[in-house]
Every structure is written in structure tokens, then in C-alpha cells.
Amino acid sequence: MPITAAPASPAAGRALDWFNLFVANIQTGFGPFIAVYLISQRWTQTAIGVALSIGTIAAMASQVPAGALVDVIPNKTRVAAFSVVAFTVCALMFAIYPIPLFVYLAEVLHGLSSCTLGPATAAMSLVIAGRFGMAVRLGRNARYAAIGNGLGAALMGACGQYVSERAVFYLTAALTLPALAALLPLRRVAIARDEALYASVVAEAAPRGRPGAQLLRVLSDRRLLIFCACAMLFTFANAPMLMLMSGSMTAKVGNPSLLIAACIVLPQIIVALASPAAGRMAEARGRRSVLLLGFSALPLRALIFAASSNPILVVAVQALDGIGGACFGVMMPLIVSDVAGRSRHFNLSLGLIGFGVGIGGTLSTPAAGWLADHFGLRVAFYALAAVGALAVLLVLVAMPETRPTRDAADQ
Amino acid sequence: MTSLRHRLNVAMLTLWTLSACHSLPPSQLPETAPASNAAPGSGAAPGSGAVSGSDAASGSEAPSQPSQGTTQPGVSSNAAQPSTDEQPSTDDVPNTAPVRIPACLPTDNGPKPAAKRKAKAVVHSQPPPTAPVVEPLPTAVADTGVKRVTVPETSVLGRKVQGPRGDDLGRVVDVLADAQGRVRIAIIEFGGFLGVGNRRIAVDWSLLKFHPHDADAPVVLDVSRDKLQETPEYKGSGSPVAFMAPEIAASARPNTPH
Numbered sequence: 028m029p030i031t032a033a034p035a036s037p038a039a040g041r042a043l044d045w046f047n048l049f050v051a052n053i054q055t056g057f058g059p060f061i062a063v064y065l066i067s068q069r070w071t072q073t074a075i076g077v078a079l080s081i082g083t084i085a086a087m088a089s090q091v092p093a094g095a096l097v098d099v100i101p102n103k104t105r106v107a108a109f110s111v112v113a114f115t116v117c118a119l120m121f122a123i124y125p126i127p128l129f130v131y132l133a134e135v136l137h138g139l140s141s142c143t144l145g146p147a148t149a150a151m152s153l154v155i156a157g158r159f160g161m162a163v164r165l166g167r168n169a170r171y172a173a174i175g176n177g178l179g180a181a182l183m184g185a186c187g188q189y190v191s192e193r194a195v196f197y198l199t200a201a202l203t204l205p206a207l208a209a210l211l212p213l214r215r216v217a218i219a220r221d222e223a224l225y226a227s228v229v230a231e232a233a234p235r236g237r238p239g240a241q242l243l244r245v246l247s248d249r250r251l252l253i254f255c256a257c258a259m260l261f262t263f264a265n266a267p268m269l270m271l272m273s274g275s276m277t278a279k280v281g282n283p284s285l286l287i288a289a290c291i292v293l294p295q296i297i298v299a300l301a302s303p304a305a306g307r308m309a310e311a312r313g314r315r316s317v318l319l320l321g322f323s324a325l326p327l328r329a330l331i332f333a334a335s336s337n338p339i340l341v342v343a344v345q346a347l348d349g350i351g352g353a354c355f356g357v358m359m360p361l362i363v364s365d366v367a368g369r370s371r372h373f374n375l376s377l378g379l380i381g382f383g384v385g386i387g388g389t390l391s392t393p394a395a396g397w398l399a400d401h402f403g404l405r406v407a408f409y410a411l412a413a414v415g416a417l418a419v420l421l422v423l424v425a426m427p428e429t430r431p432t433r434d435a436a437d438q
Numbered sequence: 226m227t228s229l230r231h232r233l234n235v236a237m238l239t240l241w242t243l244s245a246c247h248s249l250p251p252s253q254l255p256e257t258a259p260a261s262n263a264a265p266g267s268g269a270a271p272g273s274g275a276v277s278g279s280d281a282a283s284g285s286e287a288p289s290q291p292s293q294g295t296t297q298p299g300v301s302s303n304a305a306q307p308s309t310d311e312q313p314s315t316d317d318v319p320n321t322a323p324v325r326i327p328a329c330l331p332t333d334n335g336p337k338p339a340a341k342r343k344a345k346a347v348v349h350s351q352p353p354p355t356a357p358v359v360e361p362l363p364t365a366v367a368d369t370g371v372k373r374v375t376v377p378e379t380s381v382l383g384r385k386v387q388g389p390r391g392d393d394l395g396r397v398v399d400v401l402a403d404a405q406g407r408v409r410i411a412i413i414e415f416g417g418f419l420g421v422g423n424r425r426i427a428v429d430w431s432l433l434k435f436h437p438h439d440a441d442a443p444v445v446l447d448v449s450r451d452k453l454q455e456t457p458e459y460k461g462s463g464s465p466v467a468f469m470a471p472e473i474a475a476s477a478r479p480n481t482p483h
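Chains as they are written, first to last, in our numbering: chain H, 28 to 438; chain B, 226 to 483.
A portion of the hints provided could be inaccurate.
[To be verified] With a straight-line cut-off of 30 Å between C-alpha atoms, the simulated DSS-like cross-links for lysine-lysine are: (1) H:K279 - B:K452; (2) B:K385 - B:K434; (3) H:K279 - B:K434; (4) B:K385 - H:K279; (5) H:K279 - B:K460; (6) B:K434 - B:K452; (7) B:K460 - B:K434; (8) B:K460 - B:K385; (9) B:K452 - B:K385.
If you're looking for bench data, these hints aren't it; they were derived computationally from the structure.
Only chain H is shown next, with the shape it has when bound in the complex (with noise of 0.2 Å):
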């Protein structure tokens, strides 16, 4: 099997790890901080929530879709190369010229290049570390992202409250820079790694001529299906946590900045220390045991948050949003390429996940500040731990272990 006969190259892996800093840092300035770029930029708020519904919608529409485009797109690097540049085009529309055309396409392109970036990275992670390296290789990408998560989140906030929030998407544009430039070394070690993948792949994929046939196999695959519930539920309660509890916060103390970045930055920094022990225990004790521990962190953060509100503890207990983090940020794609990482559809199924994320964060956020609104932070709290806990019920019940065997393998 040449996917994991060779060893992954120490430089590929390097260059994988700055790339996977690089983008995290390059997403930080695109998420909720374009509403307050937006205001800056006298727009009201009936646009604003036009802007980010198009860009919510755009992603949402184009996860699958671009898990189908990354399939058929044999160089995944090059896929990763023109994301980037795509996040280049972005964030410099949105700091020359922020007029609602402009930004309405710059977040549709955000949304798109999200998409087709997040499959081509888990693609280029599979083709450098094969199938058996992938756990431990995940992990490694999931450090990285969340220092870069971490580092862009106070590199950028210190920008736009020194600076100007528009300084935030010039300093975006230029850390997509270093990302392409942490591409270079991947170029030819991915092209012809992943020409060997592509060769055992055709070689061991069903019957050709079929493709649909496999498709709907793939998809209509079980463990696939289970683990995008879990997956949905996982988001729909983890998702809005934070956004209620830094709300509350803000509501308590007076300007509470510097917490809501303790409660941002502190859960990366966990990510960072646990990811490849998240990826080595998924080796050692199998994916199950992995999601088991990630989701029952995040029902007793909910109920400690619903229980008290002092911002000491809340920090604290962001701790524990860490380790979901790593869990499932690590076993998300992991568990995806056990099930199709053989397949051609590796990329679909990534997308299929990806949506039913999507989904789950969407819903999730009006539902849970609905609840706040109507009934009280604390039993909204208590209905994402219900959540939460569902989550941990379904993995508990329903989802098989996906770990491959060595032996089973060649099945």
C-alpha cells in the first residue's frame, strides 16, 4: 500500500504546521468581528445582518458542493493555494472597499473558499501522513490551528482597538502571505505522493463506471450518518456558550474585554496542549473513547455555567471548552477518513459533516438566546447541557468504532 508505506516527510510536515497556524490566524478576522468592522463603517443594521445571513447561507450551501469540487481536483494543494488567495481577495474588500456589493461578495467567497480549504487541508494531511499517521497527524494540525486561533485572536483584537478596525483586514491580508508561502514546500512533495494515492485508490475502489453507486454508499454509509448527529449535536449545544456567557458578562462588568479574550484565547491554548494527545489516545484507545471524553466536557460547562457567573470561574471552565475542542476538532476529520478515507468521496463526506456542523451552529445560536430572552440565562444553559448530553447518549449508543484495524485494512 503506498499510502502508508512511506513515512511522512519531516519538511512536508513542517510546512502542513505553519500552513494550518497561518489559516487559523487569517479566519480569526473573519468571524463575528466583521459586524463591528460593519458598524465602523456606518452601516446599519438591517445590512449587517443582510451581510453575514449571505455569508452564513453561502458557506452553508457550498460545504457539500465543494467537498464534491476538492474530489475531482486531483492537486489538493493547489486547491489550498487559490483558498488562501481567495481569503486574500476577501479581507482586501473588505478594507478598501466596504460598499454592501463588495462585501456581500466577499462573504459568499469567504464562505466558498472555507469550504473547499478546510476538506483540501484534511486531504493534504492524509496524503502526507497515510491512513495509520492520520490520527496523530490531525492532532498536530489542530495544535497549530489553535495557536494560530490564538495568536490571531490577540494579534487582531490588540489591532483594532490600537489601530482602526479596518488595519484588521489589511493585517488579514497580509497573513495570507505566509500561509501561501507555507504551501511552497508542500507543492511537489503532495503532487507526487498524491499521484500514488490517486493510482492505489483507483486501483482499489469499486468497479468504475459506477461513481453514483459509490457515492450513495458512501453517504448513505451508517457511521457516517451517526457521527454527523453527534456532530450537529455537539455544535448546536457548543456554539452559542460562549456568545451567551461573555453577553452575561458584559451585563456584569462594566468593559470586560480582557476577560472575553481569556475566555476566547485560554480554550486555544488548551487545544494546543491536548490535540496530539487527543490523536494518540484516538490511535491507542480507539475514536469512541476519544468523543466520549471531548462531549461529556461540554454538558458540565454548561451546567457550571448555568450554576454560577463569576467571571474567575468562568474563565476557568473555558478550560474544559478546550478539551471538546480538541476532541472533536481532532476526530472530526479523522473519523471521516476512516470511514471514507479510501473512498473518492473523502472530501464529500468531509462536506456532509461540515454541513450538518454548519446546521447545528446556525440553529442553535437564535434558539439558545431565544431561551436567554424568554425564560432566563440558566435554563438555557440547562437546554444546551441537555443537548450536550444527547450528544454523549448518541456516541454512547449508536456510534461504532471506526478506528481501522491493521489487519482489517485490506478487507
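Dock chain B against the given chain H, drawing on the hints supplied.
Frame of chain H, contents of chain B only:
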């Protein structure tokens, strides 16, 4: 569900205004304020209505005369008056589009060809047929419009808000008017980090102090942090607004200072 529908509606509306806004040159933006001001003025009292009517007549007779500008003070004083009557605005649809235009305000940062402006002016002369009373106003508006452009303080959206000691309190993100069109409440967003954990509160308009000479200076909100935190979060214009009032008997307070 309803909120979803509302959001969709809003989206459609904004897209519509977007297109409208792009078709109109930026110089038309200022027109919105004078138009709404003048219109209420005509309805406020029979006397003023007659005045604006005469304005209208003279305007229609000789729109190209520069001397028309001298009669304009009447109009501008109208504009300065608090307008209590909004009837005229309801019957001409075009008005609603301009009012929404702030969504596109950033547009007028960009350079615009002068030729377009002229073309717009031509377009602008068309609306009058619908309502004869409104017809004269556009010409008067064109003059006031020019003045307005030189005074950027009309843009309150996005303005920074400072506390009594110059501390950063956030930005004005929305301005609410009552049924009569009087500006009553500013929505201020503060707190948060990179957009996470922001909080919005509604503040009585009269609490905001504007710098008399520097239009770009931050607005000052002279209240303590405790007061800010007491004020409940603003949840959007669909729900009843609890706002920070100058005194406790907010509803019983005297008329807004004109």
C-alpha cells in the same frame, strides 16, 4: 418562525434598497432628510402648509432661477422645526427608499462621476407628477442637499461614544424615531472582544452630547458604568424597548427639546 420571515423580508427590502441606492447617485442622499422635514412642516399648521404650498408654486414656476435659493431660508427653517406630522411621506413611495438608504451610506465614499449626478437630477424631476405639492420641493432640496454634504455630522451611525472621562463606551449602531418621526433613542453597542460578547442598550437621545464644533468627535454619554449595566439589553425594535432615560419618570418627561 416569524422572526425568520421577518428576516427574509428585511433581506428582500435591503436588497431592494440596495438596488435603488445604486441606481441613485449619492448626491441624492441628502435629499431624504429635507424632503421629510419639509413635508411634515406643511402639515404641521395651516399657515406653514400655505407657505410650503407657495414655495411649491414658485419652485415649479421657475426651478432654474438662482434667486429661488433666497426663498429657501423658509424651507430650511421648516426643516429646523420639529416636525410632528408625517402624512405626506406615506403617500409617496419613493420616500421610503431614501430613508432606508443609510444601508448604502458607505457607497458615497467612493468617487462618483459628475455626469451621473446630472443624470440623476433629471431622473429626480420625474417623481413630482404623482403629487403636485411635492413637486417644488426637489428643486429646493437640491440646494439644501449641497449644504448637507458639507456637514458630515448627519451620520450618527458608527459614531464612537465616550463616557464622562473620555473612556470608550462603544458605538452608535442605530437610531430610533417615534411615530411622529422624532428621533428619540440611540442604540449603543459596547463591550465585547472581536465581536464576541457585545451588548446593546437603548439610550434616550437627549442624553447624548454632541461636540459643538467637531462633527467627527465622539458623542459623549455622561453616565456612570453602573447606569450602563442597569439598563437592560436592547433586543431589537420588534420588542418593547426599555431605555436609559434622563430621569426615572421617562414617559412623563416634557417634550423633547426642539
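Checklist line | Contradicted hints - numbers only | finding: Those not satisfied: there are none.
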